[in-house]
Amino acid sequence: MTRETQTTPAATTRVQRLGPGEVSVDIRTPDLEVNFGPQHPATHGVMRILMRADGELVTGAQPHLGYLHRCAEKIGENVEWLQYLPYTDRYDYLASMNNNLGYSLAVEALLGVEIPRRATLIRIICAELNRIGSHLVAFGTYGLDIGAFTPFLYTFREREWMMALFEKICGARLTYSYIRIGGLFNDAPPGWFEEVGRFCDVFEQKWQEYVDLLLVNQIYVKRTANIGIISREMALDFGLTGPMVRGSGIDWDLRRDMPYMCYDEIWRSGAFKIPVARGEMGALGDCWDRSWVRVMEMIESIKIVRWCLDNMVEGPVIADIPKTLKVPVGEAYVGIENPRGELGHYVVSDGGKVSIRTRVRGPSFCNLAVLEDILPGSLVGDAIAIIGSTDIVVGETDR
Amino acid sequence: MDFQGIHDRLVAIGAPGLLGVDLPRKPDPKNKKDKGRAGDAFALVDAHKLADFLEVCRDDDRLKFEQLVDLSATDPAKDAAELWINVQLLSLKFRHRLAIKCLLPKSAPSLPSTVRVYRASQWHERECAEMFGITFVGHPDPRNILLPDDWVGSPMRKDYEFPKEYHGISCE
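Line by line, the protein sequences give chains H and E. Under my numbering, read the first sequence as residues 1 to 399, first letter to last. Under my numbering, read the second sequence as residues 400 to 571, first letter to last.
Any given hint might turn out to be false.
With a straight-line cut-off of 20 Å between C-alpha atoms, the simulated EDC-like cross-links for lysine to aspartate or glutamate are [as the list claims (entries may be wrong)]:
1. K425/E / D401/E
2. K477/E / E80/H
3. K463/E / E73/H
Chain H residues, not near chain E, derived (Cβ > 12 Å throughout) [claimed, not checked]:
4. L82
5. R173
6. T175
7. A235
8. N311
9. Y346
10. I356
Hints listed in this document are in silico derivations from the structure and should not be mistaken for laboratory results. For clarity, every value in this text was computed on a predicted model and none was experimentally measured. Think of the CB as a built atom: it goes at the ideal place given N, C-alpha and C, for glycine as much as any other residue.
Let's have the full structure, built from the sequences with the hints guiding it.
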């Protein structure tokens, strides 16, 4: 739906004769307001961006959120600590394991319980597998947004296996509630670790196909390089995190720099690296750099999963946690590295069964704010590519 | 740097608005009613000087808080006299965090906007404003962000009453 804005002056055309048979025509069209969304497949959910366009040039962009607002934070103040866990699944529904983990770690910070080693390792396996699944969606649908249909089918094929693995371990395919306060819901079924190992073997081969098929494909590179550039300063100022900040050439990852669980041990063993964009195909911080970071992170996650499989121990998977949990008086903020950036939970307890405040700092919400700045000046056709490269999940921006 | 080191530095450079600290503590064994407090340490800051305080935190050579990670509010109880403003700062260079807490009277919940220091706080402040009824003076774009423009009340306040109907739709 488009309409002409009331404020712009009427269209004017200026013709200038440059010489015999040569004319320069400066056509000024009235500004158009273009409603992008809320029901548009490239917004990856229900989000509306009000774009102002002068011909093909975007001159203003205003994201409108809230279509999926479900009062997650208010619900957190009305249900018991353990009951809130399924709600965490529903903000970033592509990375539910990571959401469960973030909330559990925040509450555990107040409880001060020790998590069994086996539970920690399985938590990391699940979080990293889910990171792969989330990046597969991000990468596949990004290709779909800009016109490459086929890679999407391949990425969803691998994601299907990942979801089947999660189905075996907890029974759900999307909203797991598997990682819970104190440890895990249950132990892995027999043969599960072997299958995860097989998944890693197959995925490494398939991953090379994505790189060859899409990431370094000339059409893809031409479509994504040198657009939507986010400078280093802008990335810091807007509080961007995750692949968005690494895509701008900033070497920052909470798993290494502020380690939680046993990520520092894995890092010290040299098992994984942090991919940081170098601006190989164009300016540093463009859309291609961000998608490169996501693709490279998938293979690093595989390495972390392998390390955990090699170092797996026997033992219990949940600490001694009562059914009706009372959390000690206190307040804690815990941020973890989600596929989209830092997921922060700030929880406040007065010693009772229900929390006083459950604040969720969603990475998508913060990463989206930068659109207001990077969309103006780009072409309307590139707008889709820029929005896709921020990889937002609307369930999390709106919570 | 740990929290103590950051606090010492803030005192040394005379950070504007720094009122004190809120540290976690163990329960007092003599007093059975005292349950202590678990969790993080906070720097208590005067809400009206928050923006200046953040500016110092961002620019100081030894602190270098390049990012504002989160800005939110808390309504601790229905009968509480004050709201809390919670800010999380992060330094990528020195790998440390700082949690800031400001107390804001419920009778006049207003403080200067911090957008001029960190643009990250632009959307956080908008969310805070609509959910808690806090006014951020000088905010460049003070519209609602998650709620509809015509929403009445501040939903995250503890004394919020749920509406009976919205545009003719019954909510009961």
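Which of the stated hints cannot be reconciled with the structure, identified by number in ascending sequence?
Hints 3, 7, 9 and 10 contradicted; others consistent.
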